[in-house]
Amino acid sequence: MATMRAVVMEKKGPAAEALVLHTDWPVPVCKPNQVLIEGAATCVNAGEWKVRSGFAPIPKKTPKILGEDVAGLVAEAPEGSKFKKGDRVFANTGQALKSGDQGGTYGEFVAADEGTLCFIPPGISFLDAAAVPMAGLTAWQALEPAMPLQGKRVLVHGGAGGVGGFAIQIAKAQGAHVTTTCSTRNVEYVTKELGADEAIDYTAGPWEAAPTAAGALFDAIVDTVGGPYQAASLRLLAPGGWFSALGATGPDVNVMLECQAARGLEQLAELMAQGKLKVHLDRVLSLEEMVAAHEYAELGHVRGKVGITIKKLE
Numbered sequence: 000m001a002t003m004r005a006v007v008m009e010k011k012g013p014a015a016e017a018l019v020l021h022t023d024w025p026v027p028v029c030k031p032n033q034v035l036i037e038g039a040a041t042c043v044n045a046g047e048w049k050v051r052s053g054f055a056p057i058p059k060k061t062p063k064i065l066g067e068d069v070a071g072l073v074a075e076a077p078e079g080s081k082f083k084k085g086d087r088v089f090a091n092t093g094q095a096l097k098s099g100d101q102g103g104t105y106g107e108f109v110a111a112d113e114g115t116l117c118f119i120p121p122g123i124s125f126l127d128a129a130a131v132p133m134a135g136l137t138a139w140q141a142l143e144p145a146m147p148l149q150g151k152r153v154l155v156h157g158g159a160g161g162v163g164g165f166a167i168q169i170a171k172a173q174g175a176h177v178t179t180t181c182s183t184r185n186v187e188y189v190t191k192e193l194g195a196d197e198a199i200d201y202t203a204g205p206w207e208a209a210p211t212a213a214g215a216l217f218d219a220i221v222d223t224v225g226g227p228y229q230a231a232s233l234r235l236l237a238p239g240g241w242f243s244a245l246g247a248t249g250p251d252v253n254v255m256l257e258c259q260a261a262r263g264l265e266q267l268a269e270l271m272a273q274g275k276l277k278v279h280l281d282r283v284l285s286l287e288e289m290v291a292a293h294e295y296a297e298l299g300h301v302r303g304k305v306g307i308t309i310k311k312l313e
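Reading the sequence shown from the start, the letters are residues 0 to 313 in numbering that gives the first Met the number 0.
No wet-lab data here; the hints were simulated from the structure.
Some hints here could point you the wrong way.
Heads up, simulated DSSO-like pairs for lysine-lysine below, C-alpha to C-alpha not over 30 Å straight-line [claimed, not checked]:
id	residue 1	residue 2
1	Lys277	Lys11
2	Lys11	Lys81
3	Lys275	Lys311
4	Lys81	Lys277
5	Lys81	Lys311
6	Lys30	Lys59
7	Lys310	Lys84
8	Lys171	Lys191
9	Lys171	Lys275
10	Lys59	Lys11
11	Lys171	Lys30
12	Lys310	Lys60
13	Lys275	Lys59
14	Lys83	Lys10
15	Lys60	Lys30
16	Lys84	Lys30
17	Lys311	Lys277
18	Lys310	Lys275
19	Lys310	Lys277
20	Lys10	Lys84
21	Lys30	Lys81
22	Lys10	Lys310
23	Lys10	Lys30
24	Lys275	Lys191
25	Lys277	Lys83
Label-pair ranges, simulated between beta-carbon atoms [claimed, not checked]:
id	residue 1	residue 2	range
26	Lys30	Lys60	15 to 25 Å
27	Leu20	Gly239	30 to 40 Å
28	Ala237	Gln101	37 to 47 Å
29	Leu216	Pro25	49 to 59 Å
30	Asp200	Pro31	51 to 61 Å
31	Met146	Leu216	26 to 36 Å
32	His21	Pro238	50 to 60 Å
33	Gly299	Ile57	32 to 42 Å
34	Gln229	Ser80	25 to 35 Å
35	Pro25	Ala230	13 to 23 Å
36	Gly53	Arg184	28 to 38 Å
37	Gly274	Ser52	32 to 42 Å
38	Gly239	Gly299	10 to 20 Å
39	Gly239	Pro62	47 to 57 Å
Every residue, glycine too, gets a C-beta built ideally from N, C-alpha and C.
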């Protein structure tokens, strides 16, 4: 039986107790219409540390390999597939909600449904590609009901985070005027690097009282924060506008539900190829350092994404 390196959640709890690196974990066997991907990189999403810590109310049998984002090379593909061995691909595998699926992307190989895969655009690294699927798809699907966004006013809460950062870039790529909330240290980052037109520093006082928000009406609002932000946001929603409450439930259940399908991934790949969707990696760690990656992500102040290298692939 072929084996691989994999980080396995053996129980729920603190990262150092729950996550264990195995060097002889069985390589997954593909079901019909699945593709076997040899992973070069993955990333840590908020929903994953929330599941591991027990914060998210999603029952998961253990042992379980966490992770849904992957970038790497096709190792096996079913007959008639548009993918072939050696193709550079990335995917959100959607395994978080699959009953009985103990697989995930925190390992050297993952079996993923063919419909979740997309070709990596030329010139995009495995690390950058792996950081996009879940957060990028969540941002895309949060804005999709309000598209096209040309000429519209969009408000993004938590613009320095993974989902928020992608939402800013997607909206700007479609010609929207984007306002975002963030902390003092991220004002320059969200405006200069991500392209937001206006940034509201929430540490300076109630964000809704800021001159850029007071009296303004927004055609689309993406709320990755939740809590008291939701009521204040709804008061600023234009008639017929769209409100996406990604942070309302706390444990990112919304994020996981939204990313079951890969709609939008090809559009995101096109934006990446055009240089309109860029990845900011706050920290890059190895598979062996997954515990440290989870502990850092759990602090809640990640700017962009936490990338994970699995192995070097050409």
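Cross-check of the supplied hints:
Between Lys277 and Lys11 the alpha-carbon distance is near 33 Å, which puts this suggested pair outside the 30 Å criterion. In summary, the hint linking Lys11 to Lys81 is not supported, as the alpha carbons are separated by about 38 Å, beyond the 30 Å threshold. Our distance criterion of 30 Å between C-alpha atoms is met by Lys275 and Lys311, whose separation comes to about 26 Å. Distance restraint check for Lys81 and Lys277: the Cα-Cα separation of roughly 27 Å lies within the 30 Å cut-off, and the hinted pair is therefore satisfied.
A distance of roughly 24 Å separates the Cα atoms of Lys81 and Lys311; the hinted pair therefore holds under the 30 Å criterion. For the given pair, Lys30 sits about 21 Å from Lys59 by alpha-carbon distance, which is consistent with the 30 Å threshold. At most 30 Å may separate the alpha-carbon atoms for a hinted pair to count; Lys310 and Lys84 meet this at roughly 17 Å. The suggested pairing of Lys171 with Lys191 holds, with an alpha-carbon distance near 13 Å, which does not exceed 30 Å.
Distance hint between Lys171 and Lys275 is fulfilled; the C-alpha atoms sit about 9 Å from each other, no more than 30 Å. Note on Lys59 and Lys11: the hinted pairing holds, with a Cα-Cα distance of about 9 Å set against a maximum of 30 Å. Under the criterion of a C-alpha separation no larger than 30 Å, the hint pairing Lys171 with Lys30 is inconsistent with the structure, at around 40 Å. The hinted pair formed by Lys310 and Lys60 meets the criterion: a straight-line CA distance of about 27 Å does not exceed 30 Å.
Between the alpha carbons of Lys275 and Lys59 the distance comes to roughly 37 Å, so the proposed pair goes past 30 Å and is violated. Taking the CA atoms of Lys83 and Lys10, the gap is about 36 Å. The hint is violated against a cut of 30 Å. Our distance criterion of 30 Å between C-alpha atoms is met by Lys60 and Lys30, whose separation comes to about 20 Å. The straight-line distance between the Cα atoms of Lys84 and Lys30 is roughly 17 Å, inside the 30 Å bound, and the hint therefore holds.
This hinted pair checks out: Lys311 and Lys277 have alpha carbons roughly 22 Å apart, not beyond 30 Å. Simply put, Lys310 and Lys275 have alpha-carbon atoms about 28 Å apart, close enough for the 30 Å limit, and the pair holds. Pair hint Lys310 plus Lys277 holds up; C-alpha atoms about 22 Å apart against a cutoff of 30 Å. Simply put, Lys10 and Lys84 have alpha-carbon atoms about 35 Å apart, too far for the 30 Å limit, and the pair is violated.
Using a Cα cut-off of 30 Å, the hinted pair Lys30 and Lys81 holds, with the two alpha carbons roughly 17 Å apart. With a C-alpha separation of about 26 Å, the suggested pairing of Lys10 with Lys310 holds against the 30 Å cut-off. For the hint pairing Lys10 with Lys30, the CA-to-CA distance comes to about 26 Å; that is within 30 Å, so the pair holds. Distance hint between Lys275 and Lys191 is fulfilled; the C-alpha atoms sit about 14 Å from each other, no more than 30 Å.
Annotation: proposed proximity of Lys277 to Lys83 holds, straight-line Cα distance about 27 Å (limit 30 Å). Roughly 18 Å separates the CB atoms of Lys30 and Lys60, a value that falls within the hinted 15 to 25 Å. Checking the proposed 30 to 40 Å range against Leu20 and Gly239 shows it is violated: the Cβ atoms sit about 51 Å from each other. For the pair Ala237 and Gln101, the supplied restraint of 37 to 47 Å holds, since their beta-carbon distance comes to about 45 Å.
The hinted range of 49 to 59 Å is satisfied by Leu216 and Pro25, whose Cβ atoms lie roughly 55 Å apart. Checked against the given bound of 51 to 61 Å, the beta carbons of Asp200 and Pro31, roughly 52 Å apart, stay inside it. For Met146 and Leu216, the Cβ-Cβ distance of about 18 Å falls outside the hinted range of 26 to 36 Å, so the restraint is violated. Separated by about 55 Å at the C-beta atoms, His21 and Pro238 satisfy the suggested range of 50 to 60 Å.
Between Gly299 and Ile57 the C-beta distance comes to about 19 Å, which lies outside the given range of 32 to 42 Å. For Gln229 and Ser80, the Cβ-Cβ distance of about 43 Å falls outside the hinted range of 25 to 35 Å, so the restraint is violated. Against the hinted window of 13 to 23 Å, the Cβ-Cβ separation of Pro25 and Ala230 comes to about 49 Å, which falls outside the hint. One distance hint, 28 to 38 Å for the beta-carbon pair Gly53 and Arg184, holds here, with the actual separation near 30 Å.
Evaluation of the 32 to 42 Å hint for Gly274 and Ser52 yields a pass: the beta carbon distance comes to about 36 Å. The hinted range of 10 to 20 Å is not satisfied by Gly239 and Gly299, whose Cβ atoms lie roughly 34 Å apart. One distance hint, 47 to 57 Å for the beta-carbon pair Gly239 and Pro62, holds here, with the actual separation near 48 Å.
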